[in-house]
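Protein chains: 2
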Amino acid sequence: MQTSQLAAIPNKGAAVWLTGLPAAGKTTVALAVQEALHNSGRLACVIDGDELRRGLCSDLGFTEKDRTENVRRAAEMAVYLSKQGIITIIALISPMRLQRSSARSLHGEAGIPFMEVWVSTPIEVCRQRDPKGLYNRYNQGNLHGLTGMDDPYEPPDCPDLVLPTDTMTISEAVDAVMAMLHKSGIL
Amino acid sequence: MQTSQLAAIPNKGAAVWLTGLPAAGKTTVALAVQEALHNSGRLACVIDGDELRRGLCSDLGFTEKDRTENVRRAAEMAVYLSKQGIITIIALISPMRLQRSSARSLHGEAGIPFMEVWVSTPIEVCRQRDPKGLYNRYNQGNLHGLTGMDDPYEPPDCPDLVLPTDTMTISEAVDAVMAMLHKSGIL
Numbered sequence: 001m002q003t004s005q006l007a008a009i010p011n012k013g014a015a016v017w018l019t020g021l022p023a024a025g026k027t028t029v030a031l032a033v034q035e036a037l038h039n040s041g042r043l044a045c046v047i048d049g050d051e052l053r054r055g056l057c058s059d060l061g062f063t064e065k066d067r068t069e070n071v072r073r074a075a076e077m078a079v080y081l082s083k084q085g086i087i088t089i090i091a092l093i094s095p096m097r098l099q100r101s102s103a104r105s106l107h108g109e110a111g112i113p114f115m116e117v118w119v120s121t122p123i124e125v126c127r128q129r130d131p132k133g134l135y136n137r138y139n140q141g142n143l144h145g146l147t148g149m150d151d152p153y154e155p156p157d158c159p160d161l162v163l164p165t166d167t168m169t170i171s172e173a174v175d176a177v178m179a180m181l182h183k184s185g186i187l
Numbered sequence: 001m002q003t004s005q006l007a008a009i010p011n012k013g014a015a016v017w018l019t020g021l022p023a024a025g026k027t028t029v030a031l032a033v034q035e036a037l038h039n040s041g042r043l044a045c046v047i048d049g050d051e052l053r054r055g056l057c058s059d060l061g062f063t064e065k066d067r068t069e070n071v072r073r074a075a076e077m078a079v080y081l082s083k084q085g086i087i088t089i090i091a092l093i094s095p096m097r098l099q100r101s102s103a104r105s106l107h108g109e110a111g112i113p114f115m116e117v118w119v120s121t122p123i124e125v126c127r128q129r130d131p132k133g134l135y136n137r138y139n140q141g142n143l144h145g146l147t148g149m150d151d152p153y154e155p156p157d158c159p160d161l162v163l164p165t166d167t168m169t170i171s172e173a174v175d176a177v178m179a180m181l182h183k184s185g186i187l
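Those protein sequences? They're chains A and B, same order as listed. Under the numbering used here, the first sequence has 34 at position 34, and the numbering climbs by one with no breaks. Under the numbering used here, the second sequence has 39 at position 39, and the numbering climbs by one with no breaks.
Be aware that a few hints might be false.
To be verified - Partial chain A-side listing against chain B, Cβ under 8 Å, derived: (1) R42; (2) L43; (3) C45; (4) G49; (5) E51; (6) L56; (7) L60; (8) E76; (9) V79; (10) Y80; (11) L81; (12) T169.
Claimed, not checked - Sample of chain A residues at the chain B side, in silico, Cβ under 7 Å: (13) R53; (14) G55; (15) Q84.
What the hints contain is simulated information worked out from the structure, not anything from laboratory work. Heads up, the beta-carbon is just placed ideally off N, CA and C, and yes, glycines get one too.
Generate the whole structure from the sequences, applying the supplied hints.
And the structure:
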């Protein structure tokens, strides 16, 4: 039954995993990619770190253990959705290489294509943007454990795509993601 | 941006929450409803208790606390998906009224329609079906904490729909769910 259901939906599931510093532009890119996919008639769903923190992962804190569990749940949710033919776009700091490689493995075991996209905006630009005031709160001593400042961020060693949103427009970023999906046979 | 995305997808999110004993037929009904929705061109996603246990909730056990957390995560996942215009069909024992009313509240706060469907197959029929051998393992003393046997199941007080799968076909059950969704203005 599962097969015929998926056959009814002209869509191959996959995961586009956006990693990067706070304020790098992950959510903005994710929503724009989702819109492009919807406009192409594809099923697409954004899994956003901030939203997860308010809902599914509201029981978790910011210790390394809890951050790893946060990434695990995002990955499990992505696998679950991809299995149903949905392209998931994950916007999640996911600071550590090991967390992201675990996410990749989870997808691999399920036969789901997984593309790691590094939203590589430099921290100086992220600090200037600061839409949520995180860097400001950190500077004032009111926030600890901010990734990129007093908490580590490990850039991807070998990302499938790099999006420096300080030197490219959102539209160019979307085009690059869509081109990657085409090249990978997802679209 | 979110609004225009959803407008591009001709679908209103909602949750169809199937509760009932083990082997009551929840997953079977859920997959058949999903197929019917897909065939109608609607976005639909099944959130299945057994699959959650293997993935998103693999860190949880079967204490009352863990069962409640299991239901909470399923509800959060359903809300998240429904917000993106997807109709979610949740197949989850969710044995306690309080768990299900919490799930309903989470949806209500997000403005997502929530329909509680009691898959009311009597335990005698569930024990005969026993596709996963749970009741058999219980009878042999190899399983403890089986809902409906040595763990409680609280039937819904006021379900939106009752599906006695011992006296109705899957096709009739699907028709009943689709009629409910039409009546509620979801379809």
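Hints, verified against the model:
1. R42: Where the cut-off is 8 Å and the nearest Cβ of chain B is about 10 Å from R42 (chain A), the hint is violated.
2. L43: 6 Å, holds
3. C45: Nearest chain B Cβ about 5 Å off; hint holds.
4. G49: 12 Å, violated
5. E51: For E51 (chain A), the interface hint holds, since the closest Cβ of chain B sits about 7 Å away, which is under 8 Å.
6. L56: Where the cut-off is 8 Å and the nearest Cβ of chain B is about 4 Å from L56 (chain A), the hint holds.
7. L60: 11 Å, violated
8. E76: Check passed: Cβ of E76 (chain A) comes within 4 Å of chain B, closer than 8 Å.
9. V79: With a closest approach of 7 Å, the V79 (chain A) hint holds.
10. Y80: 6 Å, holds
11. L81: Holds: closest Cβ of chain B sits about 7 Å from L81 (chain A), inside 8 Å.
12. T169: 15 Å, violated
13. R53: Hint on R53 (chain A): violated, closest Cβ of chain B at ~11 Å, above 7 Å.
14. G55: 4 Å, holds
15. Q84: Where the cut-off is 7 Å and the nearest Cβ of chain B is about 5 Å from Q84 (chain A), the hint holds.
In this structure, the earlier hints numbered 1, 4, 7, 12, 13 are contradicted, and the remaining ones agree with it.
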